[in-house]
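Q: Residue numbers (numbering that gives the first Met the number 0): 0 to 368.
Everything labelled a hint here was simulated from the structure, so no lab data went into it.
Mixed in with the good hints, there may be bad ones.
Stated by the list, open to error - Straight line, CA to CA, 20 Å or less: simulated EDC-like cross-link-like pairs of lysine to aspartate or glutamate:
#, residue 1, residue 2
1, Lys-148, Asp-297
2, Lys-187, Glu-221
3, Lys-145, Glu-221
4, Lys-148, Asp-224
5, Lys-340, Glu-242
6, Lys-145, Asp-224
7, Lys-148, Asp-249
Source: prediction; values computed, not measured.
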Amino acid sequence: MTSITQSTAPCHVAADAEDILLGVDTHKDVHAAAVITVLGAALDGRSFPATADGYRQLLDWARSFGALRRAGVECTGSYGAALTRHLRAEGIVVTEVNQPDKAARRRHGKTDAIDAEAAARAVLTGRATAAAKTGDGPVEMLRLFKLAKGSAIKSRTQAINQLKSVLVSADAALRESLAGLSNPHLFKQCADLDPQHARGPAGAARHTLRLLARRIRHLTEEIDDLNTRIAEAVEVSTPGLLEVRGVGPDSAAALLISAGDNPERLVSEASFAALCGTSPVEASSGKTQRRRLNRGGDRQANAALYRLVLSRLRWDGRTRDYLQRRLTEGKTRREIIRCLKRYVAREIYRLLVPANTPADQTGPASVAA
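Could you put together the complete structure from these sequences and hints?
A: What follows is the structure, given as structure tokens:
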């Protein structure tokens, strides 16, 4: 545990009963922490190792200044994830501090100590209100499975492209023996090739084709296994979500990951829509009253809603009727799809957060982007 320089001079230690706020600038190996009073006075700042023992030291140190109930933590989904879980387990409200105040950074510069204090002040002033995701349930499992599946799909696509590239320059006899085969049959034939039947470049081509085909087969098995695990985790997290028209395991996983393991932190369906980037943004000035497209939010969740809407436009009669009605009103197909994404976001939210679910008491009822 080492001391770090503060942007303002520390004042006297707060009384035991006085509320204080904690701010943490998280990094891979060391977390910088700062404590301020509810009146905004800086108390102290120190750095702690990013270990289980370091988390305990940080919390004991912060509580020595007063009653700690709220904390602002940067990067709660990455470097600060373990610390966030530790603080929440101790009953502390953890708020995600997404980005620094750029104006303040221009005035005061940038150090870990300054960033830690700024995180605490962001909570104090209300600039940061988003409750951190818990990351301790089936949705976190989904995130990890999706991560592994994404890399497996990317690697398989690369291997398929490489295999076909090798075939283009392979000897004519081998190329002709494999011509016209579907991908599954092509990969099977390549996996069974015997490189001993040829030497030189021809033998190397056979050996490479066999390695790539077997790699493709292995990656396909990985992807199939992950698909099963993703579907099971979705059913555990939100039973009935896969029964919604147009919702498949991948789309459901993307929407659940966006909401997190504690979707009750979302104050309303409008919060979820904003989180998914489907809520229009006000862009009015003077006599001009208009809204513009929301290009923010979770783009993976936004893409999932888009796929869901396209599926319904093809297979759902009500959605097709809505499309025709809005077309006659002068709306473009693109504008109608945006409206439909907003409606679907509302429908999904009601499944994620049933009406009788109490609000999240461990953090502000706001959405963490």
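Q: Work down the list of hints and note, for each, if the structure agrees.
A: So, going through the hints one by one against the coordinates:
Only pairs whose Cα atoms come within 20 Å are accepted, and Lys-148 paired with Asp-297 is accepted, the gap being roughly 19 Å. For the hint pairing Lys-187 with Glu-221, the CA-to-CA distance comes to about 17 Å; that is within 20 Å, so the pair holds. For the suggested pair Lys-145 and Glu-221, the alpha carbons sit about 12 Å apart, so the restraint of at most 20 Å is met. Of the supplied pair hints, the one linking Lys-148 and Asp-224 holds, its CA atoms being roughly 9 Å apart against a limit of 20 Å.
Restraint check for Lys-340 and Glu-242: the C-alpha separation of about 18 Å stays at or below 20 Å, so the hint holds. The straight-line distance between the Cα atoms of Lys-145 and Asp-224 is roughly 12 Å, inside the 20 Å bound, and the hint therefore holds. Straight-line distance between C-alpha atoms of Lys-148 and Asp-249 comes to about 10 Å, which keeps the hinted pair within the 20 Å bound.
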